[in-house]
Amino acid sequence: MVIETLNAIVLAFAFALGLAFLFLRLKLPVLTAFLCAGLFVGPSGLNLIKDPHSVEAIAEIGIILLMFIIGIEFSVKKLLAYRKEVFLAGFLQVILTKIFSGLLYLTLIEFSIQVAIFFGLFISFSSTAVVLKILTDRGELNTPHGRYIFGILIFQDLTVIFAMLLLPLLAYESLQPLKAVFKILKALGILGIILLLALKIVPVVIDLVAKTRSRELFLITIFLISLGVAVFSHKLGLSLSLGAFIAGLAISESEYSYQTIAEVKPLKDLFMALFFITIGMLLAIPTLVENFWQSLFTLLFIFCIKTLVVFFVVYLLNKNLRTAFLSSFYLFQIGEFSFVLLLEGQKLNLLSPTVYQILLASSVLTLFLTPFVIEIADKLTDRFLRTFRGKHIGLVIKKHTKAHLRHTHRAIILGFGICGRNVAKALKLLDIPYVVIELNPKTVKSYRQKGEHIFFGDATNPEILLKHGIKSAELLIVTITDPIAVRKVVKLARDLNPNIFITARTKFVAEMDELFKLGANEVIPEEYEASIALFEKTLRYFKTPINVISELILDLKSERYEALRTEKVARFKEVSPEEVLKNLTFETYLVKKGHPLVGITLRALNLRAKSGATVIAIKRGNELTVNPQPDTPLKEGDILVLIGSEPQISHALYYLETPYEGMY
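Residue numbers for the sequence shown follow my numbering, so the first one is 9 and each next one is one higher.
Rather than coming from a laboratory, the hints here were simulated on the basis of the structure. Small disclaimer: the values here were computed from a predicted structure and weren't measured. Be aware that a few hints might be false.
[Stated by the list, open to error] In silico DSS-like pairs for lysine-lysine, Cα to Cα no more than 30 Å straight-line:
#1 K387 <-> K525
#2 K475 <-> K436
#3 K387 <-> K436
#4 K499 <-> K479
[Stated by the list, open to error] Label-pair ranges, simulated between beta-carbon atoms:
#5 I561 <-> N507: 50 to 60 Å
#6 F550 <-> D503: 25 to 35 Å
#7 R91 <-> F463: 40 to 50 Å
The C-beta atom is built at its ideal place from N, Cα and C for all residues, glycine as well.
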């Protein structure tokens, strides 16, 4: 039995490795490669692994570790920072998805309340792993749609607890509301007891182990806690996943949380890969072929429900069509936790084998389609917005043809984050009138109360730019972080005002050429500016002359950062600070009480003429006077800072001891 299990694991990972490499080359999610690997080696594929359940028990460790890490990463601070996106957008998305999908299931498929509730739970989750990775890779995590997507995903992770509590209740033939409420309260009571015990015991145990400074003991303790609390909760009637979440929660506020994640995450990823391979093995191709149209209908049903609900929720809270569209396209797929629910639902006999296979197949397809849908999401959004706004653009341009002459501001700032606020400060110092366009309503409200000339609006909409005087403005500063929106704004501004000077900020070097082609006059890449700052600090540390540093920086920035965009290494006349400084000596001299120097000015002392050394600073008490004036009189307790060659310093020290001999 052990050999068979090991053979299955080896085969599964061998296929997964090859497919993962191929999928990475094709820029597809690795998760889909694991699903395909399971399909190939499973009974529906090459039948190399005849019994998928031989590795299923081991794969479930991945779910326990996943919930353990979710518990550790549960942060009150993170929730407060994204409170609107999490508690409003997330709550509305989960609740509305469950309600509409459940009602439609009852109406269109079958009248089974338990299965309808399960179906609502099943499709309400999106893939945190896939979506967050794509958002991060595209640099869109801090964009308006990125914030809403992130917030909704966080709330979905939180609702996992209630889904796991509710699931066993659905297995009863008749779902009695009072009985269900009683069981949920009972489960919450048990949950509270386990959490209280974990919060009291777990930190103490980890603290004792951490003091041993043994990495092996620390790792064993983490596994014992995660698996032990999971098993303990299972003994009390709760799920293993909930127990693991509680164990993680007990560690989340301790100083060991980050180290715990660092230790567990690689193993979690390994077991989660095995879990998705197992899911792929369970996919029955013959059943899928027999129920092809049902699977396709389910896929379309999931896509429509999820995109419509997310669009409605985000637009309701944000009032921006583009943000709502992009958010809906990113979150249409079924999440990894939905597969956990699917397996649990099958174990509880909530689903027939055919329904199970249909849901499994349609869910896997949503994950396959995710990267492709996200890739074309921006184009689809643009096409819709052009169609929607096209009827009004002509009227808008006519309306503002003369109206723009009334605008008095010379500059337009897009975005009012740290970068935008600093630009505004500079324009205020120069007394240059400007206007700010910002998409965050809270920021607009806050700074309008402070007297800032700021307005709410989506700058990718030509009407907004026209209303705020794009035709008469001299300068446009684009500080927003969304790379797609930056490209749109630059092109739109150039079309509306061919003479405006456009300065755009970009996070990635790869965006520079595209922005220049679209009409930007200056592009500030964050990567290069950071590297230039480090370059300057490095040269300053090695005492490179300041004028040489300035010239080098100008060279690096010239020709659109050409020196940094090529492999050629620029050479300059070598200046060795060490050679210059090695013959110089710094020395200090204390003016003691009753010393003949007391009361003498530096001019009268004439130290440089007498010895060649120079007084470059005087420390008087807590004050340091650099490059003191010639008429500065010396006082008792002064410390003179001298510079010169060693012979000059020797002469200076001798002269300072007997100043009158040298002066007369």
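Structure-based check of all given hints:
1. K387 <-> K525: Since the Cα atoms of K387 and K525 sit roughly 19 Å apart, the hinted pair holds (cutoff 30 Å).
2. K475 <-> K436: holds, 22 Å
3. K387 <-> K436: Outside the cut-off at roughly 38 Å; violated.
4. K499 <-> K479: Holds. K499 to K479 sits at ~14 Å (cutoff 30 Å).
5. I561 <-> N507: 50 to 60 Å: violated, 30 Å
6. F550 <-> D503: 25 to 35 Å: 48 Å Cβ-Cβ, so the 25 to 35 Å window is violated.
7. R91 <-> F463: 40 to 50 Å: violated, 25 Å
Going through the hint list in order, the structure does not satisfy hints 3, 5, 6 and 7.
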